[in-house]
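Chains as they are written, first to last, in my numbering: chain A, 4 to 298; chain B, 2 to 333; chain C, 4 to 301.
Source of the hints: derived by calculation from the structure; they are not laboratory data.
There may be inaccurate statements among the hints.
Using 25 Å as the maximum straight-line C-alpha spacing, the simulated DMTMM-like pairs for lysine to aspartate or glutamate come out as follows [to be verified]:
| id | chain 1 | residue 1 | chain 2 | residue 2 |
| --- | --- | --- | --- | --- |
| 1 | B | Lys287 | B | Asp300 |
| 2 | B | Lys139 | A | Asp106 |
| 3 | A | Lys67 | B | Glu179 |
| 4 | B | Lys222 | B | Glu134 |
| 5 | B | Lys96 | B | Glu267 |
| 6 | C | Lys7 | A | Glu183 |
| 7 | A | Lys292 | C | Glu161 |
| 8 | C | Lys294 | A | Asp106 |
| 9 | A | Lys67 | B | Glu173 |
| 10 | A | Lys12 | C | Glu172 |
If you want the footprint, here are the derived chain C segments under chain A, 3+ residues with CB under 8 Å [to be verified]:
| id | stretch |
| --- | --- |
| 11 | 11 to 22 |
| 12 | 48 to 57 |
Beta carbons are placed, not taken as given, at the ideal position from N, Cα and C, and that holds for glycine.
Now for the letters of each chain:
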Amino acid sequence: MSKQVRRLKERLIEGALLLSALFSIFITAGIIAVLFFETFEFFKEVSIVEFLTDTQWTPLFAEKHFGILPLFAGTLLTTIIAVAVAIPIGLTSAIYLSEYASDRVRTAVKPALEILAAVPTVVYGYFALLLVTPALQKILPDLSGFNALSPGIVMGIMIIPIISSLSEDAMHAVPMGLREGAYALGSTRLQVATRVVVPAAFSGIAASFILGISRAVGETMVVAIAAGQQPRLTMNPFVPIETVTAYIVQVSLGDTPTGTIEYRTIFAVGMSLFVVTFGLNMVSYWFRKRFREEY
Amino acid sequence: MKRIILCIVLTLVSLSITSNVYPAATVKVDGSSTVYPITEAVAEEFQGAEKGKTRVTVGISGTGGGFKKLCNGESDIADASRPIKPSEVELCKKKGIEYIELPVAYDGLAIMVNPKNNWVDHITVKELKKLWEPAAQKKITKWNQIRPNWPNKEIHLFGAGVDSGTYDYFTEAIVGTEHASRGDYTSSEDDNVLVQGIATDVLALGFTGVAYYEHNKESLKLVPVDDENASNGKGPVLPAYDNVTRGLYQPLSRPLFIYVNKKSAERPEVKRFVEFYLKNAAQLTKEVGYIALPDKAYDLALKRFTGRKTGSIFGGQGSQVGVKIEELLQKE
Amino acid sequence: MNRKTLSKWFDSSFYVIGFASTLIGLAILAVLILDILFDGAGRLGWQFFTSYPSRRPEAAGILSAWIGTVWIMVITALLAIPLGIMAAVHLEEYGRKSWLTNLIEINIANLAGVPSIIYGLLGLGLFVRAMSLERSVISGAATLAILVLPIVILSTREALRAIPFSIREASYALGATKWQTIRHQVIPAALPGIMTGIILAMSRAVGETAPLITIGALTYVAFLPTSPVSAEFPFISFQGLFDPFTVLPIQIFNWVSRPQKGFFADAAAGIIVLLIITFLMNAIAVWIRHKYSKKIRW
Numbered sequence: 004m005s006k007q008v009r010r011l012k013e014r015l016i017e018g019a020l021l022l023s024a025l026f027s028i029f030i031t032a033g034i035i036a037v038l039f040f041e042t043f044e045f046f047k048e049v050s051i052v053e054f055l056t057d058t059q060w061t062p063l064f065a066e067k068h069f070g071i072l073p074l075f076a077g078t079l080l081t082t083i084i085a086v087a088v089a090i091p092i093g094l095t096s097a098i099y100l101s102e103y104a105s106d107r108v109r110t111a112v113k114p115a116l117e118i119l120a121a122v123p124t125v126v127y128g129y130f131a132l133l134l135v136t137p138a139l140q141k142i143l144p145d146l147s148g149f150n151a152l153s154p155g156i157v158m159g160i161m162i163i164p165i166i167s168s169l170s171e172d173a174m175h176a177v178p179m180g181l182r183e184g185a186y187a188l189g190s191t192r193l194q195v196a197t198r199v200v201v202p203a204a205f206s207g208i209a210a211s212f213i214l215g216i217s218r219a220v221g222e223t224m225v226v227a228i229a230a231g232q233q234p235r236l237t238m239n240p241f242v243p244i245e246t247v248t249a250y251i252v253q254v255s256l257g258d259t260p261t262g263t264i265e266y267r268t269i270f271a272v273g274m275s276l277f278v279v280t281f282g283l284n285m286v287s288y289w290f291r292k293r294f295r296e297e298y
Numbered sequence: 002m003k004r005i006i007l008c009i010v011l012t013l014v015s016l017s018i019t020s021n022v023y024p025a026a027t028v029k030v031d032g033s034s035t036v037y038p039i040t041e042a043v044a045e046e047f048q049g050a051e052k053g054k055t056r057v058t059v060g061i062s063g064t065g066g067g068f069k070k071l072c073n074g075e076s077d078i079a080d081a082s083r084p085i086k087p088s089e090v091e092l093c094k095k096k097g098i099e100y101i102e103l104p105v106a107y108d109g110l111a112i113m114v115n116p117k118n119n120w121v122d123h124i125t126v127k128e129l130k131k132l133w134e135p136a137a138q139k140k141i142t143k144w145n146q147i148r149p150n151w152p153n154k155e156i157h158l159f160g161a162g163v164d165s166g167t168y169d170y171f172t173e174a175i176v177g178t179e180h181a182s183r184g185d186y187t188s189s190e191d192d193n194v195l196v197q198g199i200a201t202d203v204l205a206l207g208f209t210g211v212a213y214y215e216h217n218k219e220s221l222k223l224v225p226v227d228d229e230n231a232s233n234g235k236g237p238v239l240p241a242y243d244n245v246t247r248g249l250y251q252p253l254s255r256p257l258f259i260y261v262n263k264k265s266a267e268r269p270e271v272k273r274f275v276e277f278y279l280k281n282a283a284q285l286t287k288e289v290g291y292i293a294l295p296d297k298a299y300d301l302a303l304k305r306f307t308g309r310k311t312g313s314i315f316g317g318q319g320s321q322v323g324v325k326i327e328e329l330l331q332k333e
Numbered sequence: 004m005n006r007k008t009l010s011k012w013f014d015s016s017f018y019v020i021g022f023a024s025t026l027i028g029l030a031i032l033a034v035l036i037l038d039i040l041f042d043g044a045g046r047l048g049w050q051f052f053t054s055y056p057s058r059r060p061e062a063a064g065i066l067s068a069w070i071g072t073v074w075i076m077v078i079t080a081l082l083a084i085p086l087g088i089m090a091a092v093h094l095e096e097y098g099r100k101s102w103l104t105n106l107i108e109i110n111i112a113n114l115a116g117v118p119s120i121i122y123g124l125l126g127l128g129l130f131v132r133a134m135s136l137e138r139s140v141i142s143g144a145a146t147l148a149i150l151v152l153p154i155v156i157l158s159t160r161e162a163l164r165a166i167p168f169s170i171r172e173a174s175y176a177l178g179a180t181k182w183q184t185i186r187h188q189v190i191p192a193a194l195p196g197i198m199t200g201i202i203l204a205m206s207r208a209v210g211e212t213a214p215l216i217t218i219g220a221l222t223y224v225a226f227l228p229t230s231p232v233s234a235e236f237p238f239i240s241f242q243g244l245f246d247p248f249t250v251l252p253i254q255i256f257n258w259v260s261r262p263q264k265g266f267f268a269d270a271a272a273g274i275i276v277l278l279i280i281t282f283l284m285n286a287i288a289v290w291i292r293h294k295y296s297k298k299i300r301w
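Starting from the given sequences, assemble the full structure and let the hints guide the process.
Right, here's the structure in full:
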């Protein structure tokens, strides 16, 4: 092959590679375009003020209300419960692995924790509905079959690895010198961990918390199966509710035709979800960048 | 590299052994989740009998969704738990779709509560109206607001979603105006969700097609309904087979239908499917838990289908409350 | 008890508390999995794997579900792997520190954190409706390919990054062009890492439910997509790509949603199959990573 032809071939290949890399931008552009287009059509019929402030979500009934607050309340409630489970357990476990455990224990346990994240979410949904809810009903007899508590707890277990893994990485990167100084002053291991290492690794730990929250907000199957399909503005974890993601699934199962207002609601709702998780991810990214710069 | 290609080829070959080598004919059905158990049973038996030559897909978009699909030419058959209504007749006319209406079963809409609910022994139509009408939204939230001697606890409602024919019929029969109800309850086009909700919640009350009760008897408690009209059965009545057939379970007895796209009926696989449906409906309906029509009704329906008689015998007016089986036969 | 003793006591007890919290998640998971084995193991068998879903729980099976899963996995892999590797190669080997490269990198990091259901909405709006591909295998696979692309890109980049520059330099010294170097030296050396990433991405795709529900994978599918081998000329058929389908997680979801007790056993059995597939894939990926990381001595 002559040099010119080879050069041309190389150029073509480089072009193909560049296109592939640009494809990822096309994807984000595609997501934003699709969501934006349908949301735009939606807001032609429903005012954005109503969307953000109305306290009822009954888009399909005779008395139409398009307030997203009930759906977001459902998402918020399950997320709070999930995070209340995951942060204490995840952080404690991260401190243990980083400051207490021997190298052998750490290399054995860390991958094991990843198993929790590898289990498909539909399996966690099954757990929540058929195992955790009945177990909880033995303690709380008035608990409804569909509620926020059960999927919240299960989601918490699911995101423990996110919190523990990232926090542990952050703490591991704190220089030994800081710890040694504290030990020299007579601190116990726990005091070193909580008063020196954790504050020093704060950015990374905060980033992990936010990432965990973002994951819980975007979770779909666990809540679709176990939380219910009743949008209501409440902080009561014992009654049926509906989250943003479960609503999208509910409408998709019913297979609404294009161009109707019901079809558009899932995009408007999806757009809100995208904005929220995008915001959280960006904040987390910023935190991690800041953490990386300090050392 | 070569090994990877070999793996892929092996996968494709193994896939092809199991799937159809000829492109299969497909019958698309969509619509009511009330009728779904019957259609699912028919589809299962039919596909077995055809030995994979024909495929049937069955969706549960709700009666409204099913009609939208049918009139847009996106499906061959619509499952419906109420007759076609004016806006849908319009849509079909606009798109040039003609439909053949075929009754396939009778349903007694069941009102149900959780088995541990020990305070409800019957309910009247008036009480149901108070519970479900639009004015009840956010106001009627406790059991004792319906009947003073019921507990002062929250009531959790489960009912059909707005695309559901069950919803249309229920609102017409109980509230008096089709499509008018409160919006703050767990609504779903999928009756399974409702059954699951009622079965696991002591404070629940809901309604679905009676087949869903029949199949989940251990988890649900049926509530007799009193329409306070002595002429068709005194006192509270259960949606039992005899009561529905004799027209005593009012106003919640109603016919169930399938609507077939006339042009689709020209395709041999659709024709075979519909004929199979009508010929086996009596037995499968009973197995599924609904009330079968008299044999004569199925014969008339079959004749209607072979004659390709289009249009609705209800004049395209949507839900009709209180249609008795004999009237149905007479209209044909 | 003075403060010093109290602190010491907290310190020692933390060994126990820390260890316990590390394992509590796994312990709960173990309990749940044991329960599933108990509920579902009885249903596993030849009949379960070769039957279609049915209205009768005892007769139901996962035939259409697991074949659908295989179809989706193969097509998703065919779409995502070449695209992902090519993008990663560009970013690692050709990319210069420009605003464009920065944008692409932030973009990929962000996409990895987008909830999977948003990908479903993209698939619905773009593939099913705008491109009129309907609710078919190709729509589902394209949607999943987009979902796993960031994972493939990120892990391929890491694998490429791990190859020391000296390998590339040696290749250039012998007169090879950049692409020849990449194709014949770098990629083969990074192959174990790349494969690990691909397998992990696929194991994630196998369990995805939400995006496929959104694009409309039906829950009652009692048939298989048309075979790619056709009995008539030209003996190859792409019809199967445009057929409706279902996958294992969706079938499980369908059974979990049905209140009859018999379906819970079916769902549990389906979950056992899904978990075996997922864990097996993860184990293979870890094994590859382990085996090849020891071999290479730079």
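Here's how the hints hold up against the structure:
1. B/Lys287 to B/Asp300: Roughly 17 Å separates the two Cα atoms, so the pair holds.
2. B/Lys139 to A/Asp106: Not OK: B/Lys139 and A/Asp106 at ~58 Å, beyond 25 Å, violated.
3. A/Lys67 to B/Glu179: Between A/Lys67 and B/Glu179 the Cα gap is close to 15 Å, so the pair holds against 25 Å.
4. B/Lys222 to B/Glu134: OK: B/Lys222 and B/Glu134 at ~23 Å, within 25 Å.
5. B/Lys96 to B/Glu267: Given pair B/Lys96, B/Glu267 holds - Cα atoms ~18 Å apart, limit 25 Å.
6. C/Lys7 to A/Glu183: holds (19 Å)
7. A/Lys292 to C/Glu161: holds (18 Å)
8. C/Lys294 to A/Asp106: holds (20 Å)
9. A/Lys67 to B/Glu173: holds (19 Å)
10. A/Lys12 to C/Glu172: holds (21 Å)
11. 11 to 22: n = 8 at 8 Å, threshold three: holds.
12. 48 to 57: Coverage by chain A is violated for the stretch 48 to 57 of chain C (0 residues, Cβ < 8 Å).
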